[in-house]
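Visitor: Residue numbers (this note's numbering), protein chains in the order written: chain A, 13 to 329; chain B, 229 to 501; chain C, 3 to 269.
Just so you know, these hints were derived from the structure itself, not from any lab.
Please note that a few of the clues may not be correct.
Pulled a few chain A residues facing chain B out of the computed Cβ check, cut under 10 angstroms [stated by the list, open to error]:
#, residue
1, 92
2, 105
3, 138
4, 200
5, 272
Which bits of chain A does chain B cover? Going by a derived footprint, with three or more residues having C-beta under 8 angstroms, they are [stated by the list, open to error]:
#, region
6, 65-76
7, 122-133
Ideal placement from N, C-alpha and C gives every residue a C-beta, glycine not left out.
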Amino acid sequence: MSAIVEAEGLTRQFTVRDGARRRRVLAVDDLTTRISAGEAVGYIGANGAGKSTTIKMLTGILVPTSGTVTTCGLRPVKDRRRLAREVGVVFGQRSQLWWDLPVRESFRILAAIHTLSAAAERARTEELVERLELAGFLAVPVRQLSLGQRMRAEVAAALLHSPRLVILDEPTIGLDVLSKQRLREFLVAERRAHGTTLLLTTHDMGDVERLCDRVLLIDHGRLVYDGDLAGLSRTAGAERVLTVDLTAPSADLTGIPAARHLSSEANGLRQRLAFDAESTTAARVFAAVAERAEVVDFTVEEPDIEDVVRRIYAARR
Amino acid sequence: MADGIALRARLRPYAVVLASRARSQTSYRANFALDLVSSLLSGLVELAEVWVLFHAVTRLGGLDFGQILLVFGMADLAFSLANMLFGHCDRLPTYLRAGTLDIFYLRPQPLLLQLVTSDISLRRLSRAAVGLVALVAGLAAGDITWNVGTVALLVISLVSGIATFAAMFVWAGGLQFFLVEGEEMTNAFVYGGRYAATQPASVWSRPLKVVFGYFFPMAFTGFLPAVVLLDLPAPAWLPAWLGWCGPLAALWAWAMALLCWRWGVRHYRGGGG
Amino acid sequence: MRTTVRVYWRLLRAGFQRQSAYRLAALGGLVANTTFGLLKVAVLFATVRAAGGSLAGYDVGRMGTYVWISQAMLGSVNLHGRTDIAERIKDGRVAVDFLRPLDVQAAEITTEVGRSLFALIPRGLPMIAIGAVVGMAAPESAAAYPLGVLSVLLGIVISSATAYLVGVAGFWLVETRGLQVCYMVVSGFLAGLFVPIQLFPRWLLLVAHASPFPSMMMYPIEILSGRVGLAGALALLGAQLAWLAGVGGLGQALTRAGRRHLEVQGG
Numbered sequence: 013m014s015a016i017v018e019a020e021g022l023t024r025q026f027t028v029r030d031g032a033r034r035r036r037v038l039a040v041d042d043l044t045t046r047i048s049a050g051e052a053v054g055y056i057g058a059n060g061a062g063k064s065t066t067i068k069m070l071t072g073i074l075v076p077t078s079g080t081v082t083t084c085g086l087r088p089v090k091d092r093r094r095l096a097r098e099v100g101v102v103f104g105q106r107s108q109l110w111w112d113l114p115v116r117e118s119f120r121i122l123a124a125i126h127t128l129s130a131a132a133e134r135a136r137t138e139e140l141v142e143r144l145e146l147a148g149f150l151a152v153p154v155r156q157l158s159l160g161q162r163m164r165a166e167v168a169a170a171l172l173h174s175p176r177l178v179i180l181d182e183p184t185i186g187l188d189v190l191s192k193q194r195l196r197e198f199l200v201a202e203r204r205a206h207g208t209t210l211l212l213t214t215h216d217m218g219d220v221e222r223l224c225d226r227v228l229l230i231d232h233g234r235l236v237y238d239g240d241l242a243g244l245s246r247t248a249g250a251e252r253v254l255t256v257d258l259t260a261p262s263a264d265l266t267g268i269p270a271a272r273h274l275s276s277e278a279n280g281l282r283q284r285l286a287f288d289a290e291s292t293t294a295a296r297v298f299a300a301v302a303e304r305a306e307v308v309d310f311t312v313e314e315p316d317i318e319d320v321v322r323r324i325y326a327a328r329r
Numbered sequence: 229m230a231d232g233i234a235l236r237a238r239l240r241p242y243a244v245v246l247a248s249r250a251r252s253q254t255s256y257r258a259n260f261a262l263d264l265v266s267s268l269l270s271g272l273v274e275l276a277e278v279w280v281l282f283h284a285v286t287r288l289g290g291l292d293f294g295q296i297l298l299v300f301g302m303a304d305l306a307f308s309l310a311n312m313l314f315g316h317c318d319r320l321p322t323y324l325r326a327g328t329l330d331i332f333y334l335r336p337q338p339l340l341l342q343l344v345t346s347d348i349s350l351r352r353l354s355r356a357a358v359g360l361v362a363l364v365a366g367l368a369a370g371d372i373t374w375n376v377g378t379v380a381l382l383v384i385s386l387v388s389g390i391a392t393f394a395a396m397f398v399w400a401g402g403l404q405f406f407l408v409e410g411e412e413m414t415n416a417f418v419y420g421g422r423y424a425a426t427q428p429a430s431v432w433s434r435p436l437k438v439v440f441g442y443f444f445p446m447a448f449t450g451f452l453p454a455v456v457l458l459d460l461p462a463p464a465w466l467p468a469w470l471g472w473c474g475p476l477a478a479l480w481a482w483a484m485a486l487l488c489w490r491w492g493v494r495h496y497r498g499g500g501g
Numbered sequence: 003m004r005t006t007v008r009v010y011w012r013l014l015r016a017g018f019q020r021q022s023a024y025r026l027a028a029l030g031g032l033v034a035n036t037t038f039g040l041l042k043v044a045v046l047f048a049t050v051r052a053a054g055g056s057l058a059g060y061d062v063g064r065m066g067t068y069v070w071i072s073q074a075m076l077g078s079v080n081l082h083g084r085t086d087i088a089e090r091i092k093d094g095r096v097a098v099d100f101l102r103p104l105d106v107q108a109a110e111i112t113t114e115v116g117r118s119l120f121a122l123i124p125r126g127l128p129m130i131a132i133g134a135v136v137g138m139a140a141p142e143s144a145a146a147y148p149l150g151v152l153s154v155l156l157g158i159v160i161s162s163a164t165a166y167l168v169g170v171a172g173f174w175l176v177e178t179r180g181l182q183v184c185y186m187v188v189s190g191f192l193a194g195l196f197v198p199i200q201l202f203p204r205w206l207l208l209v210a211h212a213s214p215f216p217s218m219m220m221y222p223i224e225i226l227s228g229r230v231g232l233a234g235a236l237a238l239l240g241a242q243l244a245w246l247a248g249v250g251g252l253g254q255a256l257t258r259a260g261r262r263h264l265e266v267q268g269g
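All chains should be modelled from the sequences, with the hints used to inform the complete structure.
Guide: Shown next as structure tokens:
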């Protein structure tokens, strides 16, 4: 598979003024990674970890201090204008639509900016309007849209020129549950239909869980994890939780191998047990519980990703 | 022919944005009318400032009121048109703070061209009308021998004047990358330049002649061509033949503007923004 | 009474501190004011000389005083009509202001005056220093100085109180920008920012005197340049006080009416 992003020792240093003194800060520190065509990658980390700086270097807005990067086979700074035709970026915080114009008019201008042919413009606009359900507010000026509507319009605007790589910077920030879900469903469908590569920075782990098959975790500019989500939890040693509802009140289920009793409710009618996915399985823990009490119902909770990230950060301090 | 079509295709993105901006400004009739009136008022008051002086004394710097009308008309018409087309370049700090500039980076056109064509202030047309009326009045009042040479000089000077003021806005924009809180600094020379350009340059002290005669070539937009057109005595340090050098002045202003712009963009991409 | 004074003192200081955060902006303002000042010197001195050395009571020295004091006051006198209150009325935050145990008009003007007084330090004093080097006439009587300083203060307060009127028009107008732009265009001209109003033709001079604008900038300059004597200075101060009472009273009335309007409309 061809590489969409190839970064080699990518580094960006800033000089910040701290009163009278000048301090050097490594916003991105020796980042080496490769993203293949068609992948969906979640790029996560705390605020100020270096996510935005990386994106600015991938798109040619910022010049790297050292190291190299190619995006869609182009050098971002030198070939910025050609790259602009291959990349679409959605910034959750800043709009690329015209505030005082109807949504439709913004699309028309963007189509002209990306020099789409009339036929391509019509076909693509129709496709996006349908899939993002924009038809109801195409004639409404952008400033009158709800946040959810505006974000959908923003996504359509960034995807109008059918970019090979779509970068989404905090796309679901501030959205309600339904809007988030719609947006995620659209992105999944878009990727399936066009093989679009997705790079997503987010604080919302739901985005990562639903959309991404690979996670890059960055801390203080350094890449600290590169792999799938399940692996991320394993790395952090995060525990899964088995909750069982029993037929009769029972004593606390302590002493089950490789599992830890967390809590009991209603005289032990409901009990929660934590276990490490590395050393045992849900089935084995369940079997051990079933030997000691009769189980009516059970659920297994996956580890909370935010908790996982916190653990990884804490372990590095 | 094929070249023509290719050129039109290349210009289309800019044309579409500008047409859309123009439509949105004029769509609220009442607002637009109010904008036109306030813009007209500001043009009239600026003319009144000059008129009041010539009301108090009949001649100033070797010019009478009819002659200063020609200077004012040329300079103010050029400034108003440049302001209409390029005036928003000095709003760059707002774009920088809001992050809008990054959006320009993600579009396949040159940055400066995108910025320039991102807006157009049609309301300044009413202000330009004040300049135009002053210019016509000045031409009518002046003792001008009309021939190909004088017409050419008038046209060349107007076009170069617009270019020179446009360059001032771009220059100011380029410096904003460094002076995010220092808009007033560049305003001193952009709007101070306009004020200077509508004065008789013959009254300037030597430092002013250096700053607004040459470094920011404001005298070339009105006063110097008027000296040639009206056959006025040239002041020290500003010889009459310079009246023909408007295009050189515009070239110099643009060289400086583009240098500052490049410098600013490099600073921004280098992480200074 | 004591606590009231303390509250307004705090507001004054807050306006002061907010301004000191913008050092580069202050430097930019300094460059701008000096550039415009030198251009005004060039054209106005030439005008005085063209008139034979004296024009409407201005010789070159007094014209120098006019130029540099007007430039010094430029950063402190509100000749643009933009105010915080206009923003707060527009987005509705003013409803919160009305809940505070402070007079909305007095609080707004005090904050603005604090900001303006601070601006005198980085923007005003350097202009006076430049004027002293380039050439300024001093008034004949030493009493002109305290009267002049008082007049400058009054001018600043009058300008805040008048700009406040533009802001509170927002209780009834959807958009005050047009009004603000007109204020900006007219106020500078009639305040005597570019040309002393005594150079105006008679009818225009009457128009100017019928507006509060000369009392913001022109009157203090007439006192400090010695163009008017002591009696004239006292008369100008009287006129300033009258204008202050007028625009202040109008502002108070409009604020109350605006509050009622807001309550009727339900915010």
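Visitor: Against this structure, judge whether each hint is valid.
Guide: A quick look at each hint next to the structure:
1. 92: holds, 7 angstroms
2. 105: holds, 7 angstroms
3. 138: Hint violated; residue 138 of chain A Cβ to chain B Cβ min 20 angstroms, cut 10 angstroms.
4. 200: Result: violated, 24 angstroms to nearest chain B Cβ.
5. 272: violated, 47 angstroms
6. 65-76: holds (count 6)
7. 122-133: holds (count 4)
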